[in-house]
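Each of the two chains sits in its own frame; use the hints to bring them together as a complex.
Taken in sequence, the protein lines are chains A and B. Numbering of the first sequence is given in our numbering, commencing with residue 1 and proceeding in unit increments. Numbering of the second sequence is given in our numbering, commencing with residue 1 and proceeding in unit increments.
Since the hints were derived computationally from the structure, they do not count as laboratory data. Do not rely on the hints blindly, as some may be mistaken.
Sample of chain B residues at the chain A side, in silico, Cβ under 8 Å [claimed, not checked]:
(1) E76
(2) I80
(3) P159
(4) V207
(5) A211
Because the structure is a prediction, the values reported are computed rather than measured. Where a beta carbon is used, it is the ideal one built from N, C-alpha and C, also for glycine.
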Amino acid sequence: MVKVNLVLLALLVMCALSLVSSRHQARKLFVELEREQALARGYEVEYGQLQLEQSTWAVPARVDRIARDQLHMQIPGAARVQLIEGAPR
Amino acid sequence: MTMASAARGAQPPRLPPRRAPLVFGALLVLLALLAARSLYLQRIDRGFLQEQGSSRYGRSLEVPAHRGRILDRFGEPLAISTPVKAIWAWPDKVEATPEQMRKLAGALDLPPQALSAKLKSDADFVYLKKGVPPDAAARIAALAIPGIHDDDEYRRYYPAGEVLSHVVGFTGDGDVGQEGIELAQQAWLGGRPGSRRVIINRRGEVVEDVASIRAPQEGRDLALSIDSRLQYTAFRELKAAVDANRAKAGGLVIIDVRTGEILALANCPSYNPNNRNHAARERMRNRALTDTFEPGSTLKPFTIAAALDAGKVRPGTIVDTAPGTLTIGTSTIHDAHREGALTIEQVVQKSSNIGAAKIALSLAPETMWTMFSEAGFGTPPKSGFPGEVSGRLRPAKTWRPIEQATMAYGHGISVNLVQLARAYSLFATDGELKPVTLFREAGPVAGRPVIKPETAREVRHMLEMVVLPGGTAPKAQVAGYRVAGKTGTAHKLEDGVYANKYVSSFVGFAPASNPRLIVAVMIDEPSAGQYYGGSVAAPVFASVMGAALRLLGVPPDAPVNNVLPSDDDDGDVREET
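Same shape as in the complex, but just chain B (with noise of 0.2 Å):
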């Protein structure tokens, strides 16, 4: 302040000079400040911030993507994957009254203690329980008990259970599949989720579809060539002759002639893949592909074929099997029942080791090896079953004459049901082996020729003079139908030895005229006192085939009354191998 300013007194103070450029300046770097920064966000960091932006409108997305359905061969499910909820908790934020406590366990099918033990657990996170059905979970949100939450995940379904579980398979954890066709078929069948980023709005609506990240891949569905009809007939039969006889197990094959699909395909005994806790292993395994055994009589028709083929003899030669017994070498084989001479048609029809043994040693080794290899023998079905086995067919340099002899017959060579069955085509058609394979074929299949035409229409005459009165199998008649087929019975090697049990089979086709279905049946150590193939697995091939021919609509070749009764119920069934 000057005098100067205090003399007029009247005026306003002056401001200070230099307050105004000061001020001015401060503005101005603030200014700049303000603009640098801006100027940094907008430039240098702006990741930063348009990060912390669309994490706030944009989302990415899970796109499901669920499992194929597996279907039967007129697309009746077999297995569906449906969505289901998994129930968890954090046990110590649980806090529910005794009364919501009630009513969830209610709602989860658990009993109640068993629940108060999963929330007492130390852990972080429990799962209450896997698979709950959505009505259930909807139950269980509406208590709204804090702490317990839902998950969506998808459960498999199996509306055939224990008829067909051997085959179809089951899935494990995440629907990956574990055993049978929903393993094998993992790639086809299995659903890769895709995923995709949005925008959404603050109702949490997607509004913007701004990428895909990945698109999904929806499981696709499979068409089995099981016939559900045949094939719970199959199931059916087969465990009620398991039963009746007492046995370990059974396995049941029917096979379309033309195509080489399997219709039906049964095991026992079986287990429920829908409720498999409690399931033994042993129970799961596809015995008819999975496991072999020594086939017994059921191959001599291929020994025949062989000799036939070679024009080694003729349906009318006669071969002497007196006494009953053969030694080669060192060792001594049996016919069960002593007859003297026989046809070449006889020996098949009544099943004569002997006979069978006579005529495999009149043929080269490696001819009756290349008849075995050609009808499928020692190498896999290839059905597209995981796990399949070749069983066991020994190079024909290394066969001694005894085992050469025991091979005639089926023993000392091991097969599996499904080669069994397969290499009957042989004869149900004009001597051609066609693939095999559980998937629907749209129609005929080629397949591939293995022995003359002649031979095989005579072999399938023989094989049709099996079932008649003085054949093993009178048993295996079917009304109607003219049938053609073989029985088998033979005993098991335990450790090397040869033990008092038996496995029984069956293999045949019809109608003889004009073959449709091959069958074939084993049972694994009947133990209810008969063990002949004839009179354990014959009725069961008889009932199955019948009912089987019935569904297709297959015209019958013979009259309703042709069922004829064996002679003597006791002697003509009487075989062993």
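Only chain A is shown next, with the shape it has when bound in the complex (with noise of 0.2 Å):
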């Protein structure tokens, strides 16, 4: 009787330690997916300004006033323009 209770006295003293350990695990995992949660967000954040960024640099009113002004492009009068028949779209 008294091995027996030894024996589980013993399981318990392991259950509870590894309870402690794997609790402490569980939350150094935990810190680390938060962080890259933070990270993630940061990502998210940057995509938004970049996408902003390229807008700003793509806005029609920009592409237009450099192909016009530093490129000197211009859109064809009618007379230079040919239709080619048969032509996709």
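If you want it as structure tokens, here you go:
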């Protein structure tokens, strides 16, 4: 009887210790998860900023200005346009 | 001490009796007190200590949720929220060297005098600047000036700027929609921050989620029907025309015939939503939807369509418009250009007021009212924009004959530009009125039949004649495409009297063989000499329509040399209603 109790006590202590260590492990992993999530949020914010930057560079007004002023592009007049029949759409 | 004990001498002195029980008793009492205290703390007053404990390891954190983006039909961002910092100070706690102050003013982009004025304030708390970009905020934090702090906030940016400000609108304090789509779609776009309870360790890291108090609700993205490229073209051409004609204002709408989507909606004057400190409320109005005007001759096709649909006339029916004036009761109406006998087609082509009035008077007022009402006049267009107006269409019972005659050419009735553009879908399709929307549609949208398909085709043919030499708007011709449309030149009503100020307009669609786009242009009070719709609004229509069809890759339905010069440059754009 005493022996069984001793074995059970040892088991109990082991269980208690493993609970402690798994709890610790869980917290460590959770901290890591939090950190990664914060990083992901940061990237999302950065993505938004980059999108903003891209669309600011690509506004039609700016494209138009550069095409006209720097690249000296112009819309061809009617006389310089030839329509090729059977061209896709 | 007894004699006996003193005699024994060597024996240790004996403790007085009852001391041990006394001490024992005292200890027991103390122990009992301790036990009672601990019992009290554990059982009765447990809440206090638990609260104290959890306040040391527990926190409730706010979970941020950002506002959804507004996108154009291709996913290009039109409004994005990005985190920024609000810099604030406790003025009486600020201690900074002149060098630090200079750097702070530089990072805040404020003049040094303005900064020191703010810091001399009596208030306990002042905002130095809101919406500071993260990099500048980091430089300020690096200065580590006592009494200067920052807070997180969101700021909305609008890459399209003034080109689209009237449609998108803007947000006010706390990133809440204040104008335009931002206001109308607040519930869809707005995020609601959540909060959760967590356990933190001594380094301040979150180690465990205890409970989610309120789940955050992220704002959702919203796709508009706007095509950024067309919008820019529309805005540029409209602005150029408003400037060239020294006009008070202008509006332009492009509608996709198949879906009823608004591809572009431009207003002039405009404002920059990213920096609207000095913008007057006046500039912020989306006139194309929230203002009405008397449309003038652009309404004539509807009168003609009502007469054709009722079987009263045929396109070849002759109407005598001589001698250029018509007296109804005590009022007389005029034609700007005296004509004789005209066919119905020519009434539209030459925009004869008398012709239109005579046709109108042959109809019952209810017939005309039904036509106008079915075309969408007098009811808001329901595009999804806040504050759109319905315009004025009085009930037919109250019409006097002179009013019925003037309504035939668009006076005594008021519309907004989007209503007018949408109504032309009757002629651009085979007689269907399409719903109009500012949000992207997945495919073609069914319309509601209003007039007979033959009537629609007949009116479409008449509208095509308007832009040919002999019509009122040869300047609306587009190289490579057949276009159809109608000019309008209306006197403005001021305090109930028609003044010598005009609203010039042009509404049309192309390609006429299979219409894809409707473009409506309105120029308010052109004052550089020209004021006829055919010379002020029609050229804007032509350049926007040409560019739009090219951008959308619509195959031409006419040879590129189809633009015909008008016979005499002066007479044929003459028209006045």
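These are the hints, each one checked on the structure:
1. The beta carbon of E76 of chain B comes within 6 Å of a beta carbon in chain A, closer than 8 Å, and the hint placing it at the interface holds.
2. Nearest Cβ of chain A to the Cβ of I80 of chain B: about 5 Å, under the 8 Å cut. The hint holds.
3. Hint status for P159 of chain B relative to chain A: holds, with the closest Cβ pair at about 4 Å, below 8 Å.
4. The interface hint given for V207 of chain B holds, since its Cβ lies 4 Å from the closest Cβ of chain A, which is under the 8 Å cut-off.
5. Because the closest C-beta pair between A211 of chain B and chain A is about 14 Å apart, greater than 8 Å, the hint is violated.
Violated hints amount to a single one, hint 5; each of the other numbered hints is respected by the structure.
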